[in-house]
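S.K.: From just these sequences and the hints, can you work out the full model?
Going line by line, the protein sequences match chains D and F. Position one of the first sequence corresponds to residue 1 (the numbering used here), numbered consecutively onward. Position one of the second sequence corresponds to residue 1 (the numbering used here), numbered consecutively onward.
Rather than coming from a laboratory, the hints here were simulated on the basis of the structure. Take these hints with a grain of salt, some might be off.
[As the list claims (entries may be wrong)] Listed next, the in silico DSBU-like pairs over lysine-lysine satisfying Cα-Cα at most 30 angstroms (straight line):
1. D:K90 to F:K96
2. D:K66 to F:K122
3. D:K40 to F:K55
4. D:K22 to F:K45
5. D:K187 to D:K90
6. F:K64 to D:K47
7. D:K141 to D:K176
8. D:K22 to D:K47
9. D:K47 to F:K28
10. D:K106 to F:K28
11. F:K28 to F:K45
12. F:K175 to F:K123
13. D:K66 to D:K22
14. F:K96 to D:K120
15. D:K47 to F:K107
16. F:K107 to D:K33
17. F:K45 to D:K7
18. F:K45 to D:K109
19. F:K89 to D:K90
Being a predicted model, the structure only gives us computed values, none of them experimental.
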Amino acid sequence: MPQPKGKKLVYVPEDLLEEVAKASRGRGETISKFVEEALKQAVRANKAGYHPQQLAEYFEVMQAQKVLGGAFVPLEVLNYLTNKACQEEKEQLSAKWYESGKWHGKYLKEKFENPTQAFKAFLEASRWDLNEVEIKKEGEKVKVRCVSPLLTTEATELLAKFIEGAMHSIGYQTQKTDCLRGMIVIKFK
Amino acid sequence: MKTSKVKRKTFVAREDLIDRLSEIAKQKGYSLYAIVNEVFELAVKAEETSVDLRKIIEERNVLKAAREAGFLLGLESLWYEMAELAYQKAKTQALKSWYEAGVWLAKRYATGEVEDPFAAFKKDLEAFTWNAPEFTIEKAEGKISVRIISPRFTESYTVLLTSFLEGALDAFGYKTTSKEISRGAIRLEAFKVEEADAPA
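M.R.: Okay, here's the thing in structure tokens:
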């Protein structure tokens, strides 16, 4: 026969507990059921190697992807499409990637307190073909650096345009761009 | 950042869960208070957008699976645009490229350690195609039926995705015997190769 589970008292900030109460009411559950489920999932997430804070960041990025119209595509197919499409309409394609970046940047600026940090999380979560994503703030300047041996020359150039578009929308202007196959270094002010 | 001036309240929770969280917090150099706060904040944030933590973890797993399967996440409209240009420029080559990507993906599952490779492929593919409002793959008695509807697909993207699916089905040993394709709509039927080849 299963033993009844013991209980423990835990402290949380009052306002947070009120938010939890509101959220549980919204779902039509008691606070204790809502809390139990949240704690269970936190333990489950830990088993899968996810920390609540990482899940929170991931969640925001995925929400942004869904709002902005994110879709999965096989990397090989993307490389093929990029190379083929670039042969045909490089200028047009660059403009599209730039516009897409601008749109992402606008959204991040509206939605996040620290849009450059959110953009970094966004790149890390969605562009896992990138081995390194660095966005470093030095006073008024920001350096964006992305490295990936998987990127073709065309894919590198298009991603650079996307980054420029996003950073321009966030409020920076390009100072210097270094772009070679698999590596993007752009300085903004 | 929380400070000591923050008013605190207590709540009652299952001891085993609290003990487990306490261990996790210790391993990560956190206090139980901090980790419980993070969990609650995340749960509230999720609830505000009508999802729950279970769903977030599942989606996180989808992203992990997509990464392992060689998929990238990007803006749908850009993929369509590029598919359009590539298809117009070199139709046969574009179809071949997508077909091969389908073969590659299916082989990854077929040669993996999973108990039912097709079921794993189906589960992941359904999760990866969140941009299609309707995506069903059904398998019964040597037959596979695929149905995809998405008003956003361009004509070229629809054709290329069909080629991708045909490649995958082929790699699983199924031959496509009928297909209906129109912009934004795909319907495929495929039979196990021995059965399709057998006389009626």
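S.K.: All hints are to be evaluated individually against the structure, with a verdict given for each.
M.R.: Okay, the hints, checked on the actual structure:
| no. | hint | result |
| --- | --- | --- |
| 1 | D:K90 to F:K96 | holds (22 angstroms) |
| 2 | D:K66 to F:K122 | holds (21 angstroms) |
| 3 | D:K40 to F:K55 | holds (13 angstroms) |
| 4 | D:K22 to F:K45 | holds (12 angstroms) |
| 5 | D:K187 to D:K90 | holds (23 angstroms) |
| 6 | F:K64 to D:K47 | holds (15 angstroms) |
| 7 | D:K141 to D:K176 | holds (11 angstroms) |
| 8 | D:K22 to D:K47 | holds (28 angstroms) |
| 9 | D:K47 to F:K28 | holds (13 angstroms) |
| 10 | D:K106 to F:K28 | violated (35 angstroms) |
| 11 | F:K28 to F:K45 | holds (23 angstroms) |
| 12 | F:K175 to F:K123 | holds (21 angstroms) |
| 13 | D:K66 to D:K22 | holds (26 angstroms) |
| 14 | F:K96 to D:K120 | violated (35 angstroms) |
| 15 | D:K47 to F:K107 | holds (29 angstroms) |
| 16 | F:K107 to D:K33 | violated (43 angstroms) |
| 17 | F:K45 to D:K7 | holds (26 angstroms) |
| 18 | F:K45 to D:K109 | holds (19 angstroms) |
| 19 | F:K89 to D:K90 | holds (13 angstroms) |
Consistency with the previously given hints fails for numbers 10, 14 and 16, ordered from lowest to highest.
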